[in-house]
Amino acid sequence: MKKLFSAKVRNETGVLNRFTCIISRNQVNIETLYVEKIAQTGLSQITFSFEVDDEYEAEHIMKQLNRMIYVLEVDDRTREISLKV
Numbered sequence: 727m728k729k730l731f732s733a734k735v736r737n738e739t740g741v742l743n744r745f746t747c748i749i750s751r752n753q754v755n756i757e758t759l760y761v762e763k764i765a766q767t768g769l770s771q772i773t774f775s776f777e778v779d780d781e782y783e784a785e786h787i788m789k790q791l792n793r794m795i796y797v798l799e800v801d802d803r804t805r806e807i808s809l810k811v
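Numbering (the numbering used here), first residue to last: 727 to 811.
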């Protein structure tokens, strides 16, 4: 199943690397990745899509990302993909 997550993170060196390492450790391939600086806030928005076998696997990744000290929030935006199709 295809998933789309969006995360608000601190805009600091190494955050993207740590972020993608968590996904990689779960043996999940990122299909798309978009990073955008949020104007004058010291934050960035990371939006990425990936393929997982089940909802449990996606929830596990979300929980791991939310535990990172550099991550402020992670949202599941998969429903937005469904609405556009």
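Source of the hints: derived by calculation from the structure; they are not laboratory data. Please note that a few of the clues may not be correct.
[Stated by the list, open to error] Below, in silico cross-link-like pairs of lysine-lysine (DSS-like), each with a Cα-Cα straight-line distance of 25 Å or less:
(1) K789 to K763
(2) K734 to K763
(3) K789 to K734
(4) K728 to K789
[Stated by the list, open to error] Label pairs and their calculated CB-CB ranges:
(5) T767 to M727: 16 to 24 Å
(6) N752 to E799: 13 to 21 Å
(7) E781 to T739: 20 to 28 Å
Note that the structure is predicted; figures quoted are calculated from it, not measured. Glycine included, C-beta positions come from ideal geometry on N, C-alpha and C.
**Prompt:** Which of the listed hints are broken here?
**Reply:** 5, 7
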